[in-house]
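Novice: Following the hints, position chains B and C against chain A.
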Amino acid sequence: MLSRRSLIIQLPAAALVGSYAARAFAADKEVTVGINLPLTGADAQAALKIKQGAQMAFDDASAAAGIAGYKVNLLVLDDGTATAGQYDPAQAATNARKMVSDPSVVAAIGPQMSGSGKAMSPILSQGDLAIITPSSTNPDITNPKMAAQYRPAGKAIYFRTVTTDAYQGPNMANFYADTLKVKSVYVLDDSGAYGVGIADSFQGQAEKRGIKVLGRDQLNPKEADYTTILTKIKPLNADSIYYGGVAQAGVKLAKQSYDILPKLIKGGGDGMHSADLLSGAGFPAVEGWYNTIAAPHVLDQPEVAAWAKRFQDKFGGPPEDYSITAYDAGLVIIDAIKRVAGSGKEVNRDNVRDAIQSAKVKTLQGEVSFDENGDITNRIVSVFKITKDDKYPLDDTIHQYKYVGVAPAAS
Amino acid sequence: MPNPETAEDQPRQMMGAPYTWMLRASPLQWVRPYWHKPLGLTTITAGALLFPIISRNDANIDSAANALAFAALALGLNIVVGFAGLLDLGYAAFFAIGAYTYGAFASFQIEPAWSPFWQPFEWLGLVAHMGDVVHFTVSFWLMLPFSAAVAALFGVLFGAPTLRLKGDYLAIVTLGFGEIVPIVARNTPSVTNGAMGLNGVAAPQLFGWSFGVNATPYYYVGVALVALLIFCSTRLKSSRVGRAWMAIREDEIAAAAMGINRVKFKLLAFAMGAAFAGATGTYFVAKLQTATPEMFMFPVSVMILVMIVFGGIGSVWGVVLGALILQILQSWFLEDLSQWLHVLGRLVHVDWLQRVELSSSIEMIFGVILVTMMLYRRQGLIPATRPVQALSMTEQTAHVGSGGSSHNFDRLRGLGTLDREADEPLLAVADMTVRFGGLVALRSVELTVPSHSVVAVIGPNGSGKSTLFNAVTGLVTPDAGQVRFAGESITRLPPHRVLDRGMARTFQNLRLFPGLTVLENVMIGRHARLSTGAFGALLRLPGTKREEEAAREHCLEILSVFGNRLLPRVDHVVSSLSYANRRRVEIARALASSPKLLLLDEPTAGMNPAETQELADQIKGLNQLGLTIVLIEHKLDVVVRLASKVIVLDHGEKIAEGTPDAVRRDEEVMRAYLGRSVAVA
Amino acid sequence: MTTGALYLQQIINGLSLGAMYALLALGFTLVYGILELINFAHFNVFMVSSFIAMWALELLGLSGQGVVLTGFALVGALAFAFVVTMVVAGCLGVAIERLALRPMRAVRGTAAMITTIGVSYILFNAILLTVGAESKNFPNPMPSVSWEIGGATLRLREVLIWCVALVLMAGLHLFVNRTRLGKAMRATAQDAEAARMMGIDVDRVIITAFFLGSALAGAAALIFGLYYNYTSFIIGYSAGLRAFTAAVLGGIGSVTGAMIGGVIIGLVEALGGQVFAVRWTDVIIFSILVLVLVFAPTGLLGRAAPTKS
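Residue numbers (our numbering), protein chains in the order written: chain A, 1 to 411; chain B, 1 to 681; chain C, 1 to 309.
Worth flagging that the hints you see were computed from the coordinates, not collected in a lab. Positions of the beta carbon are idealized from the N, C-alpha and C atoms, including for glycine. There's no promise every hint is true.
[Stated by the list, open to error] Listed next, the in silico EDC-like pairs over lysine to aspartate or glutamate satisfying Cα-Cα at most 20 Å (straight line): (1) A:LYS145 x B:ASP661; (2) B:LYS166 x C:ASP191; (3) A:LYS181 x A:GLU223; (4) A:LYS309 x A:ASP102; (5) C:LYS183 x C:GLU58; (6) A:LYS309 x A:ASP395; (7) A:LYS222 x A:ASP102; (8) A:LYS222 x C:GLU134; (9) A:LYS29 x A:GLU287; (10) A:LYS29 x A:ASP60; (11) B:LYS166 x C:GLU36; (12) A:LYS314 x A:ASP59; (13) A:LYS234 x C:GLU36; (14) A:LYS402 x A:ASP371; (15) B:LYS620 x B:ASP661; (16) A:LYS388 x A:ASP350; (17) A:LYS362 x A:ASP335; (18) A:LYS145 x B:ASP132; (19) A:LYS345 x A:ASP60; (20) A:LYS234 x C:GLU148; (21) A:LYS263 x C:GLU148; (22) A:LYS208 x A:ASP239; (23) A:LYS360 x A:ASP371; (24) A:LYS402 x A:GLU303.
[As the list claims (entries may be wrong)] Pairwise CB distance ranges, derived in the manner of DEER restraints: (25) C:VAL131 x B:GLU122: 57 to 67 Å; (26) B:ASN214 x C:VAL131: 17 to 27 Å; (27) A:LEU214 x B:HIS342: 50 to 60 Å; (28) C:GLU58 x B:THR385: 50 to 60 Å; (29) B:GLU122 x A:ALA148: 15 to 25 Å; (30) B:ALA227 x A:SER358: 25 to 35 Å.
Chain A with its partners taken away, still in its complex shape (with noise of 0.2 Å):
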């Protein structure tokens, strides 16, 4: 049988640690935090990008201050299958197996996929470990309505450092109603479940704050030509189309659309917030596309533009938005940790669990802190336009997306 611990990647230590005695004292207080994301298939690229955010939480506090006395393991698991080409739910409930049965284990980070997150909320919920998504934005999964399916043992388990499409899709058309004064739009989303939930939900407030949706298609992501829809827009004289998905089918489409409806206000959510827009697509195409974040704005900030700069030099890429609200994920458990183990308590699953829904975390995104579902309590939704800035590398997602403001909170 195989050992499990073979798995678990050993951070570097922490550097004071120098005498023996203190390395044996080290090596009892052990506790491992378990990732889970699919760094296999489709979403290989993006789930790099959120793993090295988590890691980087770590070992920024393992090299400063230390976790308590406590060493961190992280227990990697990927739920990207060759079965399924991507993301696979089913894997997912394996690892979140492999997390409750695993004693050391007292949170975790993921799922990157809300499929993911629905096939592991009961079993985490059952095994009574805490996780926090930093990506997964399907409401149902904290809907209070839904807790008997999600979190059958009770207690919210499932904590997100990102705000649900329940907010980013409405925030968004209320923008569009207030500050762009948009009348008619046109809704497309990638067919996928983030891009059909936020594109649902930004329909939804548009047509309650009077936009007039004219029409309401999905693209194939796999697909090359989004031409055909397109040009079934123009004659509609939309002032605006809105697009809920990722890169993948976006890239296409800013370039498409560039092309074809030169002149409409174009904005996205959170997945047209990406470096791979920015190098795929290119400029002209992207210029002028306004996009979401569920987080409030905090990239410009002083200390901020230095973690991304430290994180260039550790990984060699830049981070993205969702590398930001990983590295708040582990803050927010560190913090959970160092709470437990200075109030005397052991520091075990359930009591790091509370730590976390009672979190009072100062993170790159602001304070972070959570409601009895789980969901961040700092609802800001933040909007960006693109807008080159030649002075900088033209894939730079900090500083080719401009900051416009907040999206009013819908009412």
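Specialist: Using the frame of chain A, we list chains B and C on its own:
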């Protein structure tokens, strides 16, 4: 049946007995009894049952349970691809249908408004009255067979339009269906919740206890499911149904000519494969408690195909092993394997070994496995057919018994028995015309075959002899003309119905089922005279068993017509036989259908004079047993010896008819054979 | 924009798509005509070719949308890219035939086709693992010239696609019908055994078919890149499947049929998306595939015998 007890007991008595070529007395000497491996089976069963107790790791048990689901899928696809040879590239569609059949009803997805209509269902415990809507509470255990049935129905729906298509076209159409089903699932959110995925699919319950999220009970359900499907697969494979599938796989035309209703058995294969996937889908979605359309896309279909190719197409245990290995490899071992490689890399100071991440290249690895297996080991890990021990020198050089009519063929005695007046011809072909495009292959050919006679059809190459056989047996549809057989019109009947009426044939170019054994080939010839269907094969009631045993004995007796040419080789794959022996197998296969009329297309082609003589004797013997025979033959001495009437075709027209002697003297025949100039001179 | 102009625009879109599908369909049809093999590797030969085309253009210093060429520089750059892409793609096709498919030639049944699926997987992952998953900004050196026709916009790149497709298809037609090797190909397609007996080097014919088919996929990949200014490791599957549908629709094995089939599928995609919704496009296309195979298994111009005989 003369004495079944003796017949069954004999092989055991004869085991190890010195070689006696008393074949008549003991044809069953050559039949090896079904070889059970109770030890192996017990070990596997015990291992499967004890695994959760030994492992005690919920994640590994869950991994194994997922792998079992894929083993079940592989077993289903194996029926379609492995047994029936129908390449299905959209198999995940049925998996999806099964998953959503349960998922939509067992979640809160479909909730129609309450009306008195639902009252009886509430009493049955199938629905619950929740507020003003209906909530479905159908038990998982009921839905398991129900989803299988729904998927089977879709299997028939998808299969029906594609049956006429050749293998690779079929693959493309199934691929199309495989694309359409997830798209429809995504675009009908009212039933499936679309891309967002189902929420809270109910876990199975057993005696009021819910499985919840505990992996172990699911694991045992998976074991039971796979065990059941292995049981079904092995039973089907060794039954009349399985033989029919394999016959279709090996040679569709020959299968039809041997009485197999291709449409019916192809649809059955589709339905059966789909049913396996449907049940598995229900199991999978109940275990996962959610489902999204992405779980059923093309990569899944391909992966199941890779699993069966890896394990051994057509091999029941092989595909299970293939699925378990590939699935457990990815979900359980691959990351450990990467770590070991990193350690190895550090030890031997190889840089890239320390960085290799196997899990990200798993698809590449599977592609390489697929190609390598195809190039170097097409039969997979556990081949479907096991090699048979070669005959010993003694066996090979043993005296060749002649078989033939001198023996007392109990079971063949009824050959050609006709319950009608003998004066009407058994076969009457009138005005038969066949055109291939502009070419007239047959022009208004007339032909009558009296009962119990031997009629020879001769003519130069390309004169339309084989076309005549094809048109009579339904393989080619004639443009004009009638065929009457045993007093009834059989014009334009499909080939399997023609055989059913009592007309069997062989082919000029040999159309055996090359991958099957001698006995299997002949048993397929018996197909039309047996009645076992899918359910019969699965239940294997005493009646079915008797039928199968009787068929085996019958086929062995037929093989003994050729003396000991074939009997020592009944378990050999026919492609390993000599050409002459293959001809004999084909005749035996035709005889197995108990025909009234046997059409032989150049039966002695490729045989040496001695063999030709031997076969001619045997054909004569069959005729003496009452069988009517029409043969196409080039060797005139054979024709003269056997035939009472000869028909000569040239350029699709009948140019002469009469006794062999009369035809031999006919001027036009001379001209046709030797060319006009010779005749004129 | 009037309804007429809208439909005219969709027809222009459809014809451009159709031209690409037709070039890709020719590769399926050439191989199928001779080996009766559905070559799934062709999907990803197309995808790999688009990267080759991109690298060829980048070799000339063209990247992204920054550099626009005109006149001889443009013609020269495109000619260079076409030659390099088609030759490399053709060699890739030949390599696949030699290494993976030739040993399978004597094997009955679907084994060879399953092998092509494996090869396709390998090509797909080779690009994914080496180049990465992100979408690529395919260089486009063409000036954005366009004309107004009846309210619809006709762009230079569309004209280029049509011209390239027409020239290549005319060239292939001449090759198949006029040259010795072309005649050998047609003879082999009719009856490989008889052709071999008549002294035709069947191996050479098969290699030629793979080379030509893959080279045409290379040309299709280059015009794909120029048209969408985009490529990615995922483009093979969707385009390949539609091109295959086009080949079947036209009658697989028929060169003219593949061209007509490609154009029809392109128009169906554009007009189907216009009349219904884009999310149903794949369902429409595959329904056409199923209906054609069921009711006219030989396609529009194909030869007979779709059932095994």
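Novice: Does LYS314 (chain A) pair with ASP59 (chain A) here, judged by a C-alpha cut-off of 20 Å?
Specialist: 11 Å, holds
Novice: Next pair to validate is LYS208 (chain A) with ASP239 (chain A); report whether the Cα-Cα distance is within 20 Å.
Specialist: 17 Å, holds
Novice: Using the C-beta atoms of ALA227 (chain B) and SER358 (chain A), is the stated range 25 to 35 Å upheld?
Specialist: 50 Å, violated
Novice: Decide if the proposed pair is consistent with the structure: LYS234 (chain A) and GLU148 (chain C), CA atoms, cutoff 20 Å inclusive.
Specialist: 15 Å, holds
Novice: Given the hint that LYS309 (chain A) pairs with ASP102 (chain A), test it: the Cα-Cα distance must not exceed 20 Å.
Specialist: Judged against 20 Å, a Cα distance of about 35 Å means the pair is violated.
Novice: Starting from the hint 17 to 27 Å, judge whether the C-beta atoms of ASN214 (chain B) and VAL131 (chain C) obey it.
Specialist: 43 Å, violated
Novice: 57 to 67 Å was suggested as the range; check whether the CB atoms of VAL131 (chain C) and GLU122 (chain B) agree with it.
Specialist: At 59 Å between Cβs, range holds.
Novice: Does ASP102 (chain A) sit within 20 Å of LYS222 (chain A), going by the straight-line distance between their CA atoms?
Specialist: 38 Å, violated
Novice: Please test the hint of 50 to 60 Å on the beta carbon pair from LEU214 (chain A) and HIS342 (chain B).
Specialist: Distance hint for LEU214 (chain A), HIS342 (chain B) holds at roughly 55 Å.
Novice: Next pair to validate is LYS166 (chain B) with GLU36 (chain C); report whether the Cα-Cα distance is within 20 Å.
Specialist: 11 Å, holds
Novice: Starting from LYS402 (chain A), check that the Cα of GLU303 (chain A) is at most 20 Å away, please.
Specialist: It holds: about 18 Å lies between the C-alpha atoms, which stays within 20 Å.
Novice: Just to be careful, I want the Cα atoms of LYS183 (chain C) and GLU58 (chain C) compared with a cutoff of 20 Å; is the pair within it?
Specialist: 38 Å, violated
Violated hints, listed in ascending order, are 1, 3, 4, 5, 7, 9, 13, 14, 16, 19, 26, 30; each of the other numbered hints is respected by the structure.
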